[in-house]
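Q: Here the structure of chain C is known, so what remains is to put chain D in place on it, guided by the hints.
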Amino acid sequence: MQKKLILDSDLLDITLSRLCQQLIENHLDFSNSILLGLQPRGIFLAELIQQKLEKSLKKKIQLGFLDATFHRDDFRRRELPVKANETKIPFIIEGKNVILIDDVLFTGRTVRAALDAMIAFGRPAKVELLVLIDRKFNRDLPIAPNYVGKSVNTIASQRVQVEWQAQGNKQNKIWLIN
Amino acid sequence: MSQLSQRHLLGIKDITKKDIELIFETADNFKDVINRPIKKVPSLRDVTIANVFFENSTRTRLSFELAQKRLSADIVNFSASTSSVKKGETLLDTVNNILAMKVDMIVMRHASPGAPHYLAKHIKANIVNAGDGTHEHPTQALLDAYSIREKLGSVEGKKVAIIGDILHSRVALSNIFALQKLGAKVMVCGPPTLLPKYIANLGVQIEYDVEKALQWCDVANVLRIQLERQQIKYFPSLREYSLYYGINKKMLDNLKKPIVVMHPGPINRGVELSSDAADSDHAIILEQVENGVAIRMAVMYLLAEKVN
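Sequences listed follow chains C and D, in order.
If you use the working numbering, the first sequence corresponds to residues 1 to 178, in order.
If you use the working numbering, the second sequence corresponds to residues 179 to 486, in order.
Please keep in mind that the hints were generated in silico from the structure rather than gathered at the bench.
Fair warning: this is a prediction, and the values are worked out from it, not measured in the lab.
Wrong hints could be hidden among the right ones.
As the list claims (entries may be wrong) - Pairwise CB distance ranges, derived in the manner of DEER restraints:
1) D/Asp210 - C/Gln21: 32 to 40 angstroms
2) C/Gln167 - D/Ile216: 26 to 34 angstroms
3) C/Asp73 - D/Glu389: 52 to 60 angstroms
4) D/Glu199 - C/Asn169: 24 to 32 angstroms
5) D/Val254 - C/Asp8: 53 to 61 angstroms
6) D/Ser332 - C/Gln167: 32 to 40 angstroms
7) D/Asp224 - C/Arg139: 23 to 31 angstroms
8) D/Glu406 - C/Phe91: 48 to 56 angstroms
9) D/Asn275 - C/Asp74: 26 to 34 angstroms
Positions of the beta carbon are idealized from the N, C-alpha and C atoms, including for glycine.
In isolation and in its complexed conformation, chain C is listed as follows:
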């Protein structure tokens, strides 16, 4: 098993800062915008982005967690069912600008399910997608991210492994595994 480091802790920090600047450029003071992290691993990225945004804007940014398990299109097609996680959206998304956040964009099927799951909570004015790693040329659906941390060329058999400090790892690191 070969492991290649795509992003180390320092580079990740710079990348996150850039993503936050891009978000601020489009959403200004975030008065009508909210962050929505996708379970299970997008929530760690979403929390980091929330912290950074709150620091530079000096105000509270709303963050929710969305679980799309029950909306997945591969239920009953996998060997084992996927375990669901908590959905926590303690605000109204009707008419808001929603920024969906996930760590890795691969086939796009999770994002499709997430869009489906999100609609159950209301009709947002606009939805954007932010991902840390965009695995190019692997999309099954016509889904494209608005904000990308890093684009990588991968083949389907490879895997992107994301290690978050919040999950008990020493440092935030992103690996590409063959």
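A: Then chain D, alone, in the frame of chain C:
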């Protein structure tokens, strides 16, 4: 990634503690779903479920039906009173005819203990037992234990008294299995005539005095007197039963610590539970009903099999 150890839910006896915990965790998520403005998820949209009820039911049937609708399953309902069973068709023939119409899952209630187990041996579809005679009622036991977990934080170490007609109750047996698997201590309480002879072999305590049972327990699960199953007289009159085994608000208020009162429904107000007790803060009877939908969604979601 997670899966039940069984492909049917026939009884609590057949499933493991891990299965029960998985069902509870999944039910947590579904409880969240049914409290949203849009209470529906598309998980089972390509699954067809038949509700086959050979015995009357309001709550369980409605609860199953709502659970199925909220999972987007297609449903057919069947009740024995309006069907060809009256013309002499056998159980297996009836169910095989339903399955021939491409049904994936059967939810069945039957007056004969073991009917779903018999069916499970002969047909391919997943079976959920919605009550078989006086034997088991697994989803009721799951929702009862789930409601205790929700109210008291956990089931482990809690003392639960099951009070009333234990002899004719499928809820009692399933509850005993479920609570013991989750580490609770169980007591049964009722008139000697309504306690099964060898119930102590299940490892439960026996008590004939309802006041003592209430003093002992953290949770009292009060059962209905099932007159429809009683072919002979087990006690002189309902009034006398109510006098010795009925629970009222005063009894609950006089206890040293507050206890939780549960009832699987339908309540006979004034018999096993007085109106003021059933409507008091102690009772979580309506929470049980709400949790029933979430538990049944979890069970059917976890039983849905891989598409071939």
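Q: I want to verify a distance hint. Is the separation of the beta carbons of D/Val254 and C/Asp8 within 53 to 61 angstroms?
A: Once the Cβ atoms are compared, 58 angstroms apart, the range 53 to 61 angstroms for C/Asp8 and D/Val254 holds.
Q: Evaluate the given range 32 to 40 angstroms for the C-beta pair formed by D/Ser332 and C/Gln167.
A: Violated: the Cβ-Cβ distance is about 25 angstroms, outside 32 to 40 angstroms.
Q: Lying within 26 to 34 angstroms: is that true of the beta-carbon distance D/Asn275 to C/Asp74?
A: 33 angstroms, holds
Q: Should the hint that D/Glu199 and C/Asn169 are 24 to 32 angstroms apart at their CB atoms be regarded as holding?
A: With Cβ atoms ~27 angstroms apart, the hint holds.
Q: Return holds or violated for the Cβ distance of D/Glu406 and C/Phe91 against the range 48 to 56 angstroms.
A: 50 angstroms, holds
Q: Can you let me know if the beta-carbon spacing of C/Gln167 and D/Ile216 is within 26 to 34 angstroms?
A: Holds - the Cβ-Cβ distance for C/Gln167 and D/Ile216, about 31 angstroms, lies within 26 to 34 angstroms.
Q: Determine whether the Cβ-Cβ distance between D/Asp210 and C/Gln21 falls within the hinted range of 32 to 40 angstroms.
A: 35 angstroms, holds
Q: Using the beta carbons of D/Asp224 and C/Arg139, state whether their distance is inside 23 to 31 angstroms or not.
A: Holds - the Cβ-Cβ distance for D/Asp224 and C/Arg139, about 24 angstroms, lies within 23 to 31 angstroms.
Q: Confirm or reject the claim that C/Asp73 and D/Glu389 have a C-beta distance inside 52 to 60 angstroms.
A: 57 angstroms, holds
Checked against the numbered hints above, the structure violates only hint 6.
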